[in-house]
Amino acid sequence: MSTGPRRWTEALRSGLIWGAVAVFLALAGMVEALAGRQVVAGLPSLGVLLPPLSALAAGCHAARRAAGTAAALVHGVVAGTTTGTLVAALVLTGSLLDLRRVFVNASPALFRLLLFDRDLEGAWTPVAAAAVAGVAGAVGTLLPPRFTRAVVTGLAWVLALGLFQELVQLLLVDGTVRTAIRDVLYTTEALSPGGSALVFIVAAAGTWAWATHRSRLHQWAAELPPRPARLLRGLGFVAIAAAMLALPLVAGPFLSHVLVLVGLYVLMGLGLNLEVGFAGLLDLGFVAFFAIGAYTVGLLTSAGGLAVTHLSFWAAVPVAVAVSLIAGVVLGLPVLRIRGDYLAIATLGFGEIIRILVLSDFLRPWLGGSQGVLSIPKPEIFGLELAGPQHLFYLTLAASALVALVAARLRDSRLGRAWMALREDEDVAEAMGINLVNIKLLAYGLGAAFAGVSGALFAVLVGSVFPHSFQLLISINVLALIIVGGMGSMPGVVVGALFLVGLPELLREFSDFRFLIYGAALVIMMQLRPEGLWPAAAVRRELHAGEEMKNVRGPAG
Amino acid sequence: MRGGWPDKLSPVDAVLWGFRLVVLVLVVWGTIGTVLAAKYSGEVWLDFLVFGLSQGSIYALIALGYTMVYGILRMINFAHGEVFMAGAYTAYFVADALARSGHLDRYPLPSLLLVLAVSMTTSTLVGVLLERVAYRPLRHAPRLVPLIAAIGASFFLQYAFRGLYGSGFKAYPEPDILKGVWTFAGVRILKTQAVVLVAAVIMMLGLYAFVMKTKTGTAMRAVAEDLEAAALMGINVDRIIVTTFAVGAAMAGAAGLLYALVFKQVHFFMGFVPGIKAFTAAVLGGIGNIPGAMLGGLFLGLVESVGPILFLDGLGIVAPYQLKDVIAFTMLVMVLIFRPSGLLGERLAVKKA
Amino acid sequence: MRRLQSSLILMTALFALVVWAFAPTTAAGQATGMVKIAKAQPITIAYWLVVAGPDASLGIDIRRGIELAIADKGKVAGHPIRLIGEDSGCNAEGGVTAATKLAANPAIVAAIGSSCSSEAVPGAPILWKAGIVTVSPSNTAPSLTAPDRGPGFDGYLRTAHNDKVQGRVAAEFARKALKIERAATIHDGSPYAEGLANVFAETLKKMGGTITSQEAIAPTDTDMRPVLTKIAAGKPQVIYYPIFTAAGGHVTRQAKEVPGLAQAKLMGADGMFSADFLRAAGAAAVGMYHSSPDLSAEALGPRYKEFLGKHQKKYGEKPLSAFHAHGYDAAMIIFAAIEKVAKTDGTGIQIGRKALRDALFATKGHKGLTGTITCDKHGDCADPKIAVYQTESADASKWDPGKNPRKIYP
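Residue numbers (the working numbering), protein chains in the order written: chain A, 1 to 557; chain B, 1 to 353; chain C, 1 to 410.
Mixed in with the good hints, there may be bad ones.
[As the list claims (entries may be wrong)] Computed cross-link-like contacts, BS3-like style, restricted to lysine-lysine with a CA-CA straight-line distance of at most 30 Å: (1) B:LYS191 to C:LYS235; (2) C:LYS403 to C:LYS179; (3) B:LYS39 to C:LYS205; (4) C:LYS377 to C:LYS354; (5) B:LYS179 to C:LYS256; (6) B:LYS179 to C:LYS377; (7) B:LYS179 to C:LYS318; (8) C:LYS176 to C:LYS129; (9) C:LYS313 to C:LYS398; (10) C:LYS256 to B:LYS39; (11) C:LYS403 to C:LYS73; (12) B:LYS179 to C:LYS235; (13) B:LYS179 to C:LYS39; (14) B:LYS191 to C:LYS256.
Calculated directly from the structure, the hints in this document are not laboratory data.
With these hints in hand, go ahead and build the complete structure from the sequences.
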């Protein structure tokens, strides 16, 4: 087809959008912050590569809409060049005006980076680099999808292993095999060129092979007679269990600690899932019960001055659970008749009330105020102190498994079905003879009890409890993780927690941009997968009906 | 319509009445204690009142935009506080330049109008972009999905502006004409606060007139009633929703500037807490209800200012102002128990449409 | 599909087991107690500070101080310095996470952090268990360097001022120099401010003064007029509010607007002793008192001013908070200690962890930006000289500690 003027402007538009993204990344400080971070030793740093990567995306975006090979390439060039031109324009403006009065990051150092370490006469370089990247992006859309997928997967692995090099290297500090792997893959601060090539080839070839043999494997699995199939599945579960048990030994203390944090959020997520996912009761103050669990254990077991008694951890946990449960019911009572969005702010208020109370000077003689509750002993089991994160991982794993079992039984019980009815339509549920008061209070109480378990574990993990740990952010995070995982889906809670708690923890070294990326990821996730990463079966079925609706409405952007 | 609750006294009702009684007893006891202690003179009480009202009018200003978007779209725009921040923060650079060059004091009115225009334009731009990029694709998604997207957008905007403008806070210049105090009939009020109070009333009336009297306003109410039916009636739904966001965001921009003139500091995190407070105010008044947002804001401001001293001081509680949010949220729950959809009820659209 | 998923997970699990089997773990931690650094390789220093989230300016401010120290120092014992770090979130669990991660990295020679005392309480013992000594630029809670702090804190020092010292000096100044009888305090719920306010109140009471009220606010509050009106009813002669710049600016400005407080003297601490505070508070800051480490030119020479110039050049803005100089000093005493204990051999240098710790605790008479730094046996290194300043001009460009605000005590 011909490339009409409208098409041209579309390519231009892609270029402008991605150019704006590149300029934003530069001005927001990401280019400079990532300038010291090499993925592969010897190649330009990730920061310097950000604008060309934007141009690549622009080229890809523009070429997708073009008809025909030539048109796609032309669009790629146009979009890429436009992106690069915007970057160059930023540098030129910066050299004329003192942009730094407004944009703190618009420093001469940044402009040098954008020009690939050249002075102003190198202003053409970002344009040229972006044009090349734009073509590359366009080429990417023209190649057979299987090929592109293999290349992209290979690059993604290189990027991941390069970005997380510090963590991966920590895993490979000792043992002959491990150090050998490390020496092949890494230099001190980045992937070695040889290592990255190896990673790329293995990952790309793996993807290619998987694409080739996938259907055959599917068929093989589908045609297995029932007995071996059952055997295979059984073996799979055994292997998962074994892997979970071996995980902390492989992962080392830091990753174990991250996994414990993920576990704490899984516990909270399972609790909130009872309220929001099963019963449809929005709760933005869930952190309150986490705090109550943590403070109860702290006050009952602490060796410090605020302790009420000196119970053992095992005796304190049931108390913490009971206290949280009661707190859940107490919160539930006044908000019983509040619906929908009003509930959001009422519960948010409850979370804030608890945080402010534990912080307050008023209750300081009993709760420690901002100085917190200190010296909480670690739990002991058969004389063995569960001290490090690797030990506590097992405790968290056991607690999560137990709570997940309870949650699954609840879901499939009469009560669970009543909750679902409540979620679908409160009035209808009542008309069907369901006692709304009881099931609502049970949802609040049981959900809170789960969070109490989480809080109890948190208290011993950290060994001290401070009001500052119970911010609104935690409530928001728990709610977000169950939506991202898939509303009402229990595996979704785990996936959501890994994604929204585990990943940010691993990204701690990108601290300045953690929340920026977190926010953007939430927005993008909701657009790409509104049903969540691992939706519950019912939602998945509904989605199929929704798919047809979508087609009627036409592509949504 | 809402809830087919039985008329006879259920155990829940008994508990709720108990809850009300406890709060009431505490409030009365505290009040009597405070009054008997007579630590504060009548004038001081008047000051508390004025401070509360002026803080409340700021909440009301932000709540107006919040409630409008909610009323039309039934969506909690969690990022509204960030839209507010974007305007005030960006306008700072203009205000600062004007102050440095002396124009702010030489031509105060045109300068302030210019700063206001910048603030409102920026906020509008951010608001419209937000709708286009983050919310529009989710218009038919399940209820909580847009909420999470809005929360994500809120973080993104905070840290995007932190990246652009830096993490320190900036001190807003003070125009000479807004310095000082006015006294009306014995009531002292700071000039800035008086301006905010007046502006809040004007903006509320303007917004109300816009939604009720103009053609666009009618279309907005139609969209609020029934999106599909409105589309069938030939209303360009996308355009109306963008307009709603634009107007709501422009209000936030104006509120941002007024806030900056009163408190004289801007910061990338400045929108978060006022955003939540404004949300609370909107809920107090009945979400979607424009006069309700005004009333809710003023009520919240008053409770925060007078509440701690009146109710808690008499109970002998130390540092009562640390607990002002506890009082505010307890009051919120109390109001919602009595009136589950806010002081003035939900949705202004229904009655008049 | 289900079946396929489980077989996939099976493969992953098998892979994990193989890795585990092939590589037997040694005991966790640094068995050798010695860091070897090959020729031309960098010495790794790590920070654990709050550099993200609402309290980020506190940690970023310190990190910039460290970065400027590294730039000033150039090389340590002939090796370049590599700074890595973790966000610690200004809460206990963030402190644990950051410390756990740093502890797992055997390349780290020493750490700088944490920013908030709540992070240090659980975090410092984790680092010391791995043999990493840490110097905090902004923890002020007295318990961290108390004699009974426990063996977990053997590797913990600080260049920040213990609240005990600063709160006491502030109260002595108020009582002796200003002849104050009645005072009120405000804190913002941070352990730093709460600690200072309490020490101030207790000291003043011991010296025969009266505390009319002890109030608290939230750091995000903006409308301070109601709480100030309440304070005014007690007719205090001085209000002591050792909080941070943003809220401190609001209190300072609004105190002038509240009837009954026109005569009350205002007093803050080092958390808002900066040029930025003058901007936040405007003309209301004139006449206000601050307790702070002695930053005057006669005590430090022109170095702090030079530091500010470099800061502006590199970051395009003024320091964000009050602890950048403490961060600079923390980095500098670590570098000095490394140079003292590093042993050179043919392949590079070796740094003994225990020796480094001892060398840090032996720091004496180091001329830093915050005064002369000498560490005691409990890890308190800050110069005990606390001065009180009075602001004379609210023009932020004239900010020059010693002259404006003028040093008036001792």
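These are the hints, each one checked on the structure:
no.: 1; hint: B:LYS191 to C:LYS235; result: 26 Å, holds
no.: 2; hint: C:LYS403 to C:LYS179; result: 24 Å, holds
no.: 3; hint: B:LYS39 to C:LYS205; result: 22 Å, holds
no.: 4; hint: C:LYS377 to C:LYS354; result: 15 Å, holds
no.: 5; hint: B:LYS179 to C:LYS256; result: 12 Å, holds
no.: 6; hint: B:LYS179 to C:LYS377; result: 53 Å, violated
no.: 7; hint: B:LYS179 to C:LYS318; result: 27 Å, holds
no.: 8; hint: C:LYS176 to C:LYS129; result: 45 Å, violated
no.: 9; hint: C:LYS313 to C:LYS398; result: 18 Å, holds
no.: 10; hint: C:LYS256 to B:LYS39; result: 21 Å, holds
no.: 11; hint: C:LYS403 to C:LYS73; result: 29 Å, holds
no.: 12; hint: B:LYS179 to C:LYS235; result: 26 Å, holds
no.: 13; hint: B:LYS179 to C:LYS39; result: 64 Å, violated
no.: 14; hint: B:LYS191 to C:LYS256; result: 14 Å, holds
Checked against the numbered hints above, the structure violates hints 6, 8 and 13; every other hint is satisfied.
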